[in-house]
Structures are given as structure tokens and as C-alpha cells.
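Asker: Please take these sequences and the hints and turn them into a complete structure.
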Amino acid sequence: MEFTDEQVQRYSRHIILPEVGGKGQKKLLAAKVFLVGAGGLGCPVGYYLAAAGVGTLGIVDDDIVELSNLQRQIAHNTKRVGMPKVESAKKTFEALNPDVKVNAMKGRLTKDNILDIIKDYDIVVDGSDNFPTRYLVNDACVMLKKPLVSGAILRFEGQVTTLLPHDGHCYRCLFEAPPPPGLVPSCQEAGVLGVLPGVIGALEATEVLKLILGRGDVLKNTLLIYDALKASFRRVKVPRNPDCPICGAHPAITKLEDYDAGYCQLGG
Amino acid sequence: MRFFYFNGAMIRLRVNGEAVESGAASVQGLLAELGIESGRVAVEVNMEIVKKKDYAGFLLKEGDVVEIVNFVGGG
Numbered sequence: 001m002e003f004t005d006e007q008v009q010r011y012s013r014h015i016i017l018p019e020v021g022g023k024g025q026k027k028l029l030a031a032k033v034f035l036v037g038a039g040g041l042g043c044p045v046g047y048y049l050a051a052a053g054v055g056t057l058g059i060v061d062d063d064i065v066e067l068s069n070l071q072r073q074i075a076h077n078t079k080r081v082g083m084p085k086v087e088s089a090k091k092t093f094e095a096l097n098p099d100v101k102v103n104a105m106k107g108r109l110t111k112d113n114i115l116d117i118i119k120d121y122d123i124v125v126d127g128s129d130n131f132p133t134r135y136l137v138n139d140a141c142v143m144l145k146k147p148l149v150s151g152a153i154l155r156f157e158g159q160v161t162t163l164l165p166h167d168g169h170c171y172r173c174l175f176e177a178p179p180p181p182g183l184v185p186s187c188q189e190a191g192v193l194g195v196l197p198g199v200i201g202a203l204e205a206t207e208v209l210k211l212i213l214g215r216g217d218v219l220k221n222t223l224l225i226y227d228a229l230k231a232s233f234r235r236v237k238v239p240r241n242p243d244c245p246i247c248g249a250h251p252a253i254t255k256l257e258d259y260d261a262g263y264c265q266l267g268g
Numbered sequence: 001m002r003f004f005y006f007n008g009a010m011i012r013l014r015v016n017g018e019a020v021e022s023g024a025a026s027v028q029g030l031l032a033e034l035g036i037e038s039g040r041v042a043v044e045v046n047m048e049i050v051k052k053k054d055y056a057g058f059l060l061k062e063g064d065v066v067e068i069v070n071f072v073g074g075g
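One line per chain: the protein sequences are G and U, in this order.
If you read the first sequence in the working numbering, its first letter stands for residue 1, the second for the next number, and so on.
If you read the second sequence in the working numbering, its first letter stands for residue 1, the second for the next number, and so on.
Please keep in mind that the hints were generated in silico from the structure rather than gathered at the bench.
Keep in mind that a hint or two might mislead.
To be verified - In silico SDA-like pairs for lysine to any residue, Cα to Cα no more than 25 Å straight-line: (1) G:LYS106 - G:GLU189; (2) G:LYS237 - U:ARG40; (3) G:LYS237 - U:GLY63; (4) U:LYS61 - G:ARG240; (5) G:LYS230 - U:SER38; (6) G:LYS146 - G:TYR259.
What the hints assert, rightly or not - Negatives, chain U to chain G, calculated, CB over 12 Å: (7) ALA9; (8) ILE11; (9) ARG12; (10) VAL20; (11) GLU21; (12) GLY23; (13) GLY29; (14) ALA32; (15) GLU33; (16) LEU34; (17) GLY35; (18) ALA56; (19) GLY57; (20) LEU59; (21) ASP64.
Note that beta-carbon positions come from the ideal geometry of N, C-alpha and C, so glycine has one too.
Answerer: Next up, the structure:
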């Protein structure tokens, strides 16, 4: 594939980076990345990946745009209140960069559909707003040996990590099972500083670009925790758990489950 | 944060990168001292993840490096 004149201009600041170059930019254009959620995290992740020229973005979300989303979900806007978030995100990302094809799926990931939906993507990015989905996505990515960049936010705290199945840790190596329903609040219940998903989403997008380019160090076996109030980052080394129920030597979990029982829908 | 207990030995720990003096004997005791609900966190001691069921039995000693990570699920 040769670049058009427009592409040479659009990606010129990438192409002059020795770590990216024309070769790296072609890798980005050929890459397929799946975003779980078109909310606080999905918006900046998708926005930056689209700008960077990641050629195919899949995105799933069940929600419609609400006024209360717009304090942080930057791919949506006031005129789109009531529109499915994935439709709004698709419009925004494709308007930013016509090189990007967005596969928008309005709905929820379940144990019955997730493997089929994510199997053709190179990398999965978790920006979901609830624990049942986080565990489902982790387990599916371990089963398919799919790299997963995971981000999470609440109030003033953000977390990001890169999960490389059977190489580095997985989500369950650190958090073995979902917390009891109701114990950990959602952003709807506890609030979130509007800019926080921007910080964490930009970090997630950076991890994705490095994975595609094969450059630099990703957050393998590392959880990066951001405290917006203190303006501080903390790195926590996370070893693989040899007894991990999904990626350990003798996994207890051999098929996917839905963890929805007992959880209410958490609003992002 | 500092805690003083007059009936037990104090140990010095590193918790989330900061020096903490604790009178707690176990992971469970440390979480109680810090007022942290155990269901909301994962705990690592000297780079080893402590299983929830072992919190009471996992004993802490001088110099241990403890990381307490919040469950954060929002997006």
C-alpha cells in the first residue's frame, strides 16, 4: 500500500519519528482495535486512535448519549443527546479521519457473543463501566490470547495496565473475583472528575500504539495508578499468579460466564 | 498516617510507597487500622498477591512493602 498525498500530510508528524516512520504508520492503518465502551474512556481512546490512523475500530456500547455524559465523554455533543453512543462515536471518529472504518455495535457483550465479536481484532481496549463486563472481557481475551489494555476511573483515581495473556499478568491475577455487588460505587454514584478519563484514555491509547508499533515498554506486569488530586503516578508491579483461575497452570475457569446477577447497570 | 498502640510492638512498613508505623500483625489488621474495607481492594506484600481468604493469617513483619490497590471499575 502506498500513501496518498493527503496521508503523507496527515501523518507527517508520525512519519518523521524514527520509531514510527512510514512502516509504522502502515502498521497503524492495517491495525484493528476493539473498544469496549463508548463512554468516558472509549471517547478519548477512540478519538486518539482515529487521529493516529488506526484503520479499523470496533466499538460496543448499549447506551444512548445523555446530557450528564458530556462533562467528560468528548466524542459526543449536545445535539446528539438521545443518539446511541456508538453511532455518535462513529460519526466523530470517521469525521476526524476518513481513513478509519468504525464498526459500531449497539448492545452488550455477553458470554455467548464476545468471542465471535473480538476474534478478528488485534487488540482489545477496556473502557467499560462495570465489573461483570471487565471480568468477561479479561476471560475472553485470555482464552483468545488477545492483548488487552485495561483502564478504569472513579472520582479522582485512574488505573491503567496492559494485559498480555500467558506472558504477563491478567486482570484476575490481581483481582481474582468481582467485588460484592454494591461495595464499589460507579461514577454515577460517586462522581468522576471530567478530565480524568482523558488522562487515562490517552494512556490507554498510547499503550495500544506501542503494541501495534512494537516500540517501547508497555505496562506488562504493571498497574499504573494516577491520583489527580495529588498529581502523582504510582507504579505497582503485579506478578502473574500461578494459581490464577483463568491464566494459571490449572485454570478453574474453562468457559465464559456472565456475572450480571446481583449487579445493577452501572452508569458510566 | 501514624498509629500508636501501647500494648503491642510497632513495625515499620512501606504502604503504597509511604512509610507507615503499624501495630497490626496481619494484612487484615493493617486494613482495619487504615479503615479500609477489605472487599474493595487487592493487597500485595513484597510483590506477592495475598488471597482474600489469607488476610487474617498473612503476618506482617518489619520492612514489608505493602501495596493496597482499589477496585476501580468506572469507565
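Asker: State the violated hints by number, sorted upward, taking the hints as numbered earlier in the document.
Answerer: none
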